[in-house]
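Could you build all of it, start to finish, from the sequences and the hints given here?
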Amino acid sequence: MGLRTTKQMGRGTKQASGCQGDHLAKEPVEDTDPSTISLNTSDKYPIQDTGLPKEEECDPITLNCPANSDVQHQVSKDVSCTETCSCPSCSLQVPTISDLLNDQDLLDVIRIKLDPCHPTVKNWRNFASKWGMPYDELCFLEQRPQSPTLEFLLRNSQRTVGQLMELCRLYHRADVEKVLRRWVDEEWPKRGRGEHPRNF
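Position one of the sequence shown corresponds to residue 31 (this note's numbering), numbered consecutively onward.
Quick caveat, the hints were computed from the structure, so don't treat them as lab data. Heads up, a few of these hints could be off.
[To be verified] Result set (BS3-like, lysine-lysine): computed pairs, CA atoms no more than 30 Å apart in a straight line: (1) K143 <-> K160; (2) K208 <-> K152; (3) K208 <-> K160; (4) K143 <-> K220; (5) K143 <-> K208.
Structure (structure tokens):
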């Protein structure tokens, strides 16, 4: 009763091998079950962190930059301008040649110094040429009855008086520079802040 025949043993082996074959065939299906995935697979397939960046990872420049800084600066500038009127655009406004053209006495002195043509002294022609006036136009201004220095100044009225003084230094016209310097230091501040035209 306890002995098994060879036929029965063969059947048992076939059943065992059949079960083992079924088990091997089912293994891939069992491995795809999420509960059996090994934690080591994160090395092969790294997990993406979709959270917000940490503070130390952020660019400090973008964090420290205030929003609408230009608007805030403009507002504060306007407030200080109405309260104390000490902003650079009011107190330290640089005079332009157009401001200089309003002073007839100064213009007369400059014309007397720059209109004449001397072979060794630089005059309005050198100034105008330096600022890009073509030769034909220089000759045309010489033929006109109006002062060529005045015409030169009118055509460059948007430039600053400081730029004109630089030309005086360049061409060694200390006499003209001295006149302009005295006007900037003494006469220009006497004009009220609202008396001279402002460029908007």
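Hints versus structure:
Distance hint between K143 and K160 is fulfilled; the C-alpha atoms sit about 18 Å from each other, no more than 30 Å. Distance restraint check for K208 and K152: the Cα-Cα separation of roughly 16 Å lies within the 30 Å cut-off, and the hinted pair is therefore satisfied. This hinted pair checks out: K208 and K160 have alpha carbons roughly 20 Å apart, not beyond 30 Å. This hinted pair checks out: K143 and K220 have alpha carbons roughly 25 Å apart, not beyond 30 Å.
Of the supplied pair hints, the one linking K143 and K208 holds, its CA atoms being roughly 12 Å apart against a limit of 30 Å.
The earlier numbered hints are all upheld by this structure, with none contradicted.
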